[in-house]
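The letter at position 191 of the sequence shown is residue 191 when you use full-length UniProt numbering, and the numbering goes up by one with no holes.
Just so you know, the hints here were simulated from the structure itself, not pulled from any lab data.
Mixed in with the good hints, there may be bad ones.
[Unchecked claim] Computed cross-link-like contacts, DSSO-like style, restricted to lysine-lysine with a CA-CA straight-line distance of at most 27 Å:
#, residue 1, residue 2
1, Lys92, Lys211
2, Lys325, Lys92
3, Lys409, Lys211
4, Lys377, Lys325
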Amino acid sequence: MAFGLNSDDVTAFKLLLCLAVMYGLMSMLAHSIVHMKFVKPLAIDAPLDRFSEARAVEHVRFLSQEIDGRQEGRPGLREAARYINGQLEMMKERASDDFRIEIEETVVDGSFSMMFLGHSISLGYRNHTNILMRISSVDSRDTDPSVLINGHFDSPLGSPGAGDCGTCVASMLEVARLIVDSGWVPPRPVIFLFNGAEELFLLGSHGFMEKHRWHDTIGAFVNVEASGTGGLDLVCQSGPGSWPSRVYAQSAVYPMAHSAAQDVFPVIPGDTDYRIFSQDNGNIPGLDIIFLFGGYFYHTSYDTVERLLPGSIQARGENLFSIIKGFTNSSMLQNFYKQASPEIIIHQDKDDGAIFFDYLSWFMVFYSSGLALVLHKIPIAVFLILPFLLNLRNFSITSCLATFSDLTKGFLSHALGVFLAIVSPVMFSILRLLFTNYSMNWFSHPYLAYLMFVPCSLVGLLIPRTFWSCFPLSQDISVFQASRKVLSDEARFWGAFGFFSSLTMAYLLAGLSGGFLTFFACISMLAAWLSFSLAAKHYGRRSLRSILFFVLPMVPYLAYSVYFGGFLAQFLIEKTGMMGSIPPPYGYFIPDIVVAVTIGVVTSVCIGPLIPVCGHWLAMSSILQFLLQIIVIGLAVSSQFFPYSMAAPKRVVLQQTYRTSGPNHLENSSYELSVVDSNSLIFLLKHAPDVANELQTDLDLSFETANLSRQENWLIDSNPIAVTQHPNGGQMH
Numbered sequence: 001m002a003f004g005l006n007s008d009d010v011t012a013f014k015l016l017l018c019l020a021v022m023y024g025l026m027s028m029l030a031h032s033i034v035h036m037k038f039v040k041p042l043a044i045d046a047p048l049d050r051f052s053e054a055r056a057v058e059h060v061r062f063l064s065q066e067i068d069g070r071q072e073g074r075p076g077l078r079e080a081a082r083y084i085n086g087q088l089e090m091m092k093e094r095a096s097d098d099f100r101i102e103i104e105e106t107v108v109d110g111s112f113s114m115m116f117l118g119h120s121i122s123l124g125y126r127n128h129t130n131i132l133m134r135i136s137s138v139d140s141r142d143t144d145p146s147v148l149i150n151g152h153f154d155s156p157l158g159s160p161g162a163g164d165c166g167t168c169v170a171s172m173l174e175v176a177r178l179i180v181d182s183g184w185v186p187p188r189p190v191i192f193l194f195n196g197a198e199e200l201f202l203l204g205s206h207g208f209m210e211k212h213r214w215h216d217t218i219g220a221f222v223n224v225e226a227s228g229t230g231g232l233d234l235v236c237q238s239g240p241g242s243w244p245s246r247v248y249a250q251s252a253v254y255p256m257a258h259s260a261a262q263d264v265f266p267v268i269p270g271d272t273d274y275r276i277f278s279q280d281n282g283n284i285p286g287l288d289i290i291f292l293f294g295g296y297f298y299h300t301s302y303d304t305v306e307r308l309l310p311g312s313i314q315a316r317g318e319n320l321f322s323i324i325k326g327f328t329n330s331s332m333l334q335n336f337y338k339q340a341s342p343e344i345i346i347h348q349d350k351d352d353g354a355i356f357f358d359y360l361s362w363f364m365v366f367y368s369s370g371l372a373l374v375l376h377k378i379p380i381a382v383f384l385i386l387p388f389l390l391n392l393r394n395f396s397i398t399s400c401l402a403t404f405s406d407l408t409k410g411f412l413s414h415a416l417g418v419f420l421a422i423v424s425p426v427m428f429s430i431l432r433l434l435f436t437n438y439s440m441n442w443f444s445h446p447y448l449a450y451l452m453f454v455p456c457s458l459v460g461l462l463i464p465r466t467f468w469s470c471f472p473l474s475q476d477i478s479v480f481q482a483s484r485k486v487l488s489d490e491a492r493f494w495g496a497f498g499f500f501s502s503l504t505m506a507y508l509l510a511g512l513s514g515g516f517l518t519f520f521a522c523i524s525m526l527a528a529w530l531s532f533s534l535a536a537k538h539y540g541r542r543s544l545r546s547i548l549f550f551v552l553p554m555v556p557y558l559a560y561s562v563y564f565g566g567f568l569a570q571f572l573i574e575k576t577g578m579m580g581s582i583p584p585p586y587g588y589f590i591p592d593i594v595v596a597v598t599i600g601v602v603t604s605v606c607i608g609p610l611i612p613v614c615g616h617w618l619a620m621s622s623i624l625q626f627l628l629q630i631i632v633i634g635l636a637v638s639s640q641f642f643p644y645s646m647a648a649p650k651r652v653v654l655q656q657t658y659r660t661s662g663p664n665h666l667e668n669s670s671y672e673l674s675v676v677d678s679n680s681l682i683f684l685l686k687h688a689p690d691v692a693n694e695l696q697t698d699l700d701l702s703f704e705t706a707n708l709s710r711q712e713n714w715l716i717d718s719n720p721i722a723v724t725q726h727p728n729g730g731q732m733h
């Protein structure tokens, strides 16, 4: 054969090519979904009974471009309040007589204590502005249960705040206009809270809950936030109880939610107004919906209108309008002061832990915790009774134990493969960093992370398959009247099935809500194995046609796993630019190791279920050699890429400190400079010499001679310097 390949090698490469094309198409689909390519933004002249992204963007443009800063203490925040008030008054003037519309501007003050990042902090505040609009029918009463829509119009220091949170305000203004102009009179009141102090430890929402007369009428709420400039508008928190997520599942036009987010969000260093309404100052059922992509620009001067992802606001607006309808029409809507009634508490406790997820933003899957308690136990039950089911014809305790032994070997083999799939890219990332000048090459080019780490992870998955002969079968071939090949295939498959079913059970026992993914994998594997077994009778177990019949039932799961894993990897890559830095040498490796582990896990979830059947061909030496060559190419290619660009800037914290003695005497002042990722200040000064010139410091910085400031001297905030590579050296922007 050409290139020294025999017929088996050719078949193996055909399979590899087909799988690569399939995963490539799935990746393109997932990319289009998470970047809102499937949502068509409506123009500014769209019908008045439709939500229009273009109209909303005009609000964002005014708030982020026409106003110079919306931070507390700056005139821009007051100007933003006047703009919002003016827009609401215009809506009120043209509303029909069927509406009762009330607009209020309130100034809040108060004090409270909260736990933030493991620390107890006490806050006192005064003179913060909130703007409220209550839309109801003319015959509504002041005590009617209402739905609250909350978003903040202040922005962080140094940021125009187009994404965070101009998009929130704009979406709320356009939804409020839509309610008025469409003529839909909500059956229960809808309150829009534009709060002016979220960035300052959630002061605006706290002031509303403590002081405003409408707070005890709130029966449900939706908090809209932004951790970027668009993309998936994910439900990151939901509760108390499962009612809010059920309403979302039934109402959302473009559903973007999964219960696994609630397992992860508590460990993320940050908070939203959701905690004020549902935890700290109330027990109100609600949703926390957040833009997650465009994190490169989050809390930076690059958070501008031009960075907004088209389609994102359109999807948010249509979802929000539909969710408002769902809440206001629900019989479960209760006043806040009734939320503590025994029947409500009992109902919430029974419904806690519901499982839900969107399938490619096409539809939602939702089932209760009680049903999950039954469904998620089925896979592990199937795995445990398999030794008896497979030995029904020739039943004996010895044969059952032999079968269980082989299934256990298959389980351990697959578990070892998953472990190596995670460890292999970690080892590669460490090796690569030993020969390159900087880390995070993939930061502005996320596809590099897949090029570098997916082949490594796949090799790790396949390594146990190459040593399967070291695990002799315990079953007696003569008793089962089956070939060694058939029994080995069964042991591999059911061992992998047992691995995923064990993960599903572990999620269940831990009280987490993310077990739907591994449960989905188990159900898909059962259907695929049945299809494969039937096809193998006609085409043979090693035929590509039989493998096709195995893969086809897995396609819905594989497409979802690529969508889920791709979203997770992209979100994490964007956030590594602000995850903090640890002193070298160890801190230099951490971001690459974190991303390598993530890609390893994603690869195990996306490709792992195929390995028991496809592994025979993929574990051939020719394929492994080919993958190793790709790994070497990935090492060479990735080292040529600079980590940062104007679309993915490096964050640098510049802090000026004033030391005073008494109210009128300044003792001295100083500036402190730091980075918030693994590429140190030495890297910064080397590639952006303008920084050193501006700060009048030496380009040859050394950590041994530099004046190092203590951690407690630092305040929490950052502004980025975009470092890009040019032929004549670096440049500061």
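Taking the hints in turn, this is what the structure says about them:
This hinted pair checks out: Lys92 and Lys211 have alpha carbons roughly 24 Å apart, not beyond 27 Å. A threshold of 27 Å between alpha carbons decides the hint, and for Lys325 with Lys92 the separation of about 20 Å falls inside it, so the pair holds. A threshold of 27 Å between alpha carbons decides the hint, and for Lys409 with Lys211 the separation of about 64 Å lies outside it, so the pair is violated. Between Lys377 and Lys325 the CA atoms are separated by roughly 36 Å; this puts the pair beyond 27 Å, and the hint is violated.
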